[in-house]
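Number of protein chains: 2
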Amino acid sequence: MDNPPYFAPHLDPTSVGIVTPQTLHFDEPLTLECERVLPSFDLVIETYGELNADKTNAILICHALSGSHHAAGYHSEGDTKAGWWDNLIGNGKAIDTSRFFVVCLNNIGSCHGSTGPTTINPATGEIWGADFPLITIKDWVKTQVMLSDRLGIAKWHAIVGGSMGGMQALQWSVDYPDRLERAVIIASTPKLSAQNIAFNEVARQSILSDPDFHDGWYLKHGTYPRRGLILARMVGHITYITEEAMKAKFGRDLKSGKFMYGYDVEFQVESYLRYQGERFSKNFDANTYLLMTKALDYFDPTRDYTKDELGEKEALKQTLARTKCQFLIVSFTTDWRFTPERSVEIVDALMANDKRVSFVNVGAPHGHDSFLFDIPRYTTAVRGFLNAPVIKRQTGDITPQEISQLARQ
Amino acid sequence: MDNPPYFAPHLDPTSVGIVTPQTLHFDEPLTLECERVLPSFDLVIETYGELNADKTNAILICHALSGSHHAAGYHSEGDTKAGWWDNLIGNGKAIDTSRFFVVCLNNIGSCHGSTGPTTINPATGEIWGADFPLITIKDWVKTQVMLSDRLGIAKWHAIVGGSMGGMQALQWSVDYPDRLERAVIIASTPKLSAQNIAFNEVARQSILSDPDFHDGWYLKHGTYPRRGLILARMVGHITYITEEAMKAKFGRDLKSGKFMYGYDVEFQVESYLRYQGERFSKNFDANTYLLMTKALDYFDPTRDYTKDELGEKEALKQTLARTKCQFLIVSFTTDWRFTPERSVEIVDALMANDKRVSFVNVGAPHGHDSFLFDIPRYTTAVRGFLNAPVIKRQTGDITPQEISQLARQ
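Chains as they are written, first to last, in my numbering: chain A, 1361 to 1769; chain B, 1361 to 1769.
Each hint should be verified, as a subset may be incorrect.
No copy is singled out in the list; a pair is fine if it fits within one copy or between any two copies.
With a straight-line Cα cutoff of 25 Å, these simulated BS3-like cross-link-like pairs (lysine-lysine) come out [said to hold, decoys possible]:
hint, residue 1, residue 2
1, 1515, 1609
2, 1667, 1609
3, 1607, 1667
4, 1515, 1502
5, 1673, 1609
6, 1441, 1677
7, 1607, 1677
Simulated from the structure, these hints should not be mistaken for lab results.
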């Protein structure tokens, strides 16, 4: 008789299988936007697929707020939890590891192995903690360029990211226009809105005001701001999903089936949110959460390229004139964190510059989190964009601007 | 030479002027929905205008989450802060105190003088604190009926409320259909959504997890959960206003004009939210905040009148069949806390019962808070509805349902 079947998801032929993270050490000093210098730093990365001989098939994946280098596959045979973008990355999947060499890194300032608040500061021999400098999207892109050089990749086939990852792809296209053929910017925005910043501020204040935060030195005190992290995640989570998805999932069902008239959990949605918050608080670093939300708030690719007096629209247009890659912009109909309108701002600014841009607004019920799901229209768009050759414009081609001028005559 | 001009807003002829709250003591026991009994209770009220001889010109105002009995006018000559609905209530205003006798009370469980967590429990001689029972919208309506009896008002000309105040007006129309001629339900909902409850839960957890909360006995400990209240108000405030209003007010302006790369206030919106939170934390009781949000979550006028198996739509329809008053339902286009669609649910359920209902969806940029503003289309609708005689249907009149049946034939 055969052995009983056991759960072996890594044997799925579309999976990248079991993967092993690598740590790359960068011994050169890194000057950050805040003018502080990291004397050296580590990046933890994972790679899937094979780099071709002329190193032209590499795709860089940039992660979002709570993400890591572990985008696809499993870490061991018994591992039941795939990487965060396993829905998209694999053999024959939208980001096809049978064609492409896919690289995903953990950004500095994060808490999954790359240099950040939970790692050792070589200058002091102690944990960085609250001393870790503030990081910007632009800083991350700078470290990603150093990673590209280390890997010998002169030009990425594509740089791909959702949410905060999309901001990194957009910043790449502006700062290093010659080093990528394609940018895929999913569920993202050219800049945070006041409401986005307001929600981030509530999350930060939750952490900062927790007495267990100890001004960021909780690890030294042998504790962590559990309550603050729970609240931060709860409020964040509400913005990642939709009213409709919540209604479909919970309605107003009471957990106990009757009113208890107390502050215990009574509605399913309360129970769900508390669970999400608890789980997050055990797996994420508070200083990292603060750094990540500030990086979001500060994001503004126009800052280095335009004058303050310009309106946002004109500033974005002038900034994106620098870009040379082909763009795919993806938004989701129910995303109310970064609405489709925010994606359209990027699309409009690119079109105003006669850039090559494709845009798809995908019908999906999951809100901002849709970028993590396997939605056919979404994955088909990403697959097609990555697999097709870049459209090179021929000299003498008519431009969209000329077409629209002609149409007006 | 004349005295220099000074600020004397109470001299405004449209203002109700200087008003003095009164405290009414109710010495009879009050059995609450949670089955606990208040042995006696106080209600603080304010009244504006004159009650006519046959007591048919009385309007009851029901307050929202953080409101009080002080809806209009000023408390002294030097007072520069008018009541919370002074925009609507006054001589010649939408709720016209030259025609109507307007009564506003502070609900029990609140913290502005009526019996609640900050008042003395006669059984113990100590502050009620965390021992104060949970209160429902239905309980409030019950106390408001006792107030009506005390004032000798058999039937209100109208019962009017915004947000949580609108829920009280709706509950009145169902529980005591013979005791009101009109209900005005503004920026409200027949029931909270899962997302509404989720935001309330974040606010509650902010307070409950603050170490200074001391399980609700903070006053005994000589402290109060300042940090929790600040967070609760910050997250609440985001839902009261709109993305657009925030953008118009703050955009992404830095407070200091330059990046500081720290966790001090850098964006105007952060500064504004922290100020709102700080101010609120000094003026509001934490136990009251918990009670109020639970009353919101529990609100469901159908609970006593329909079976659980019914869908929400059918349950609301069957429940509102009991009502006898004429309704004005008002929503605001940018309200994303209680959207216009939630108001339409009430309107549809009334129409399905052939009830007399007027509905106006007012264009306004202020989100949920719009109900506090002086917006001409809104105030005109309220004024007209209150001033016009009630439309009595004549026997033999064709009903809207018959008209729609005829149209289908």
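Hints and how they fare:
For a Cα distance limit of 25 Å, the shortest separation of residue 1515 from residue 1609 qualifies neither inside one copy, at 44 Å, nor across copies, at 42 Å. For a Cα distance limit of 25 Å, the shortest separation of residue 1667 from residue 1609 across copies, 22 Å, qualifies, whereas the shortest one inside one copy, 47 Å, does not. In this homomeric assembly, residue 1607 and residue 1667 come within 25 Å of each other (Cα to Cα) only across copies, at 20 Å, whereas the closest approach inside a single copy is 45 Å. Taking identical chains as interchangeable, the C-alpha atoms of residue 1515 and residue 1502 lie at most 25 Å apart only when both belong to the same chain, with a minimum of 14 Å there against 72 Å between chains.
In the homo-oligomer, the alpha carbons of residue 1673 and residue 1609 lie at most 25 Å apart only across protomers (18 Å), although the nearest pairing inside one protomer, at 38 Å, exceeds that limit. When the C-alpha separation of residue 1441 and residue 1677 is checked against a cutoff of 25 Å, the pair qualifies neither within a copy, at 41 Å, nor between copies, at 46 Å. Only between protomers do residue 1607 and residue 1677 lie at most 25 Å apart by alpha-carbon distance; the minimum there is 20 Å, versus 39 Å within a single protomer.
Consistency note: the structure conflicts with the earlier hints numbered 1, 6.
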